[in-house]
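Participant: Residues per chain, in single letters:
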Amino acid sequence: MTTAVDPKTAPPSVFPAHDGAVYEQAMGRWSRRLAPLLIEFGGLADGDRVLDVGCGTGSLSYALPEAANVAAVTGSTRPRCTSRMRAGAALTRASFSGTRMRGHCRLPMARSTAPFRCSTDVYPRCGACRR
Amino acid sequence: MFIPDVEHAVAEMRRVVRPGGRVAAAVWDTFGGMPNIRLLWDTAAVLDPAAERPRALFSSLTAPGEMSTMWRQVGLTEVEQTSLTIRMDYADFDDYWRPLESEGPIGLFLAGLSYEARAVLREHVRRGFVCNRPDGPRSFATTAWACRGTVPS
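These protein sequence lines are chains A and B, in that order. The opening position of the first sequence corresponds to residue 75 in this note's numbering, with each subsequent residue numbered one higher. The opening position of the second sequence corresponds to residue 3 in this note's numbering, with each subsequent residue numbered one higher.
It should be emphasised that the hints constitute simulated quantities derived from the structure, not laboratory data. All residues carry an ideal CB built from backbone N, CA and C; glycine is no exception. Take these hints with a grain of salt, some might be off.
Which residues of chain B face chain A? A few of them, derived with a C-beta cut under 10 Å, are [what the hints assert, rightly or not]: (1) Arg24; (2) Ala27; (3) Trp30; (4) Gly34; (5) Ile88; (6) Arg89; (7) Leu115; (8) Ala121; (9) Val122; (10) Thr144.
Bound-form chain A, shown alone (with noise of 0.2 Å):
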């Protein structure tokens, strides 16, 4: 018989990912349709600065601008999802170093127990974190 799943002994907390197309059909194409909607939850307003932690391949982090005249987006991702952002970036039509995005910082987050921030030498003027 089946017995209760001890969260302690899940699978690594990763979503392996190898293509960027394929993610985009697996996952990113929902979570491009859920992003709007948590921007209206989480409340937008014009000049807003936006650090999108865990951004991943970009499905909200692209949203934000369309919503409200944001005044910056930053993503945090693990640094092996920039290129899979990269390519999520094509898909979308949109440049990830455009005036609007600041690209990403690095905020380690699967795995690490480092404390994240954002890495204000890279992106000096990311203004979503307090510095």
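Add chain B to chain A, keeping to what the hints say.
Facilitator: Same frame as chain A, but now just chain B:
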């Protein structure tokens, strides 16, 4: 949902946001909000009870009230948790199955099956997907938990 140390992560979000700023997040409700994904894991569990462990249904922050509890725990105020629902619309079974084969926890799980076990699972899931009608568009309501809170001034 893939963050092991949730309290640390949410506390850090609170730390880096300015006073008066908002911390909001959404987590797919892998346990009770994704019937399309449940279809696969539940079928796999029936075919092989050993498949129970990698079902990965208990993602971080998906227990009832877990998000709001955590938001309050790290000192956020005006905390509110809700459900956000979208529809996952598939053109046909292939549109549903193919992306799952290589990406995410399901891709990992399927990769660990023998060719035969994988084919059997695929066929049973396909039957559940088409439900005795010609293959074609299917739509699943899918829900994410979401939570918001304010950093106190």
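Participant: Looking back at the hints listed earlier, which ones does the structure fail to meet?
Facilitator: Numbers 4, 7, 8, 9, in rising order.
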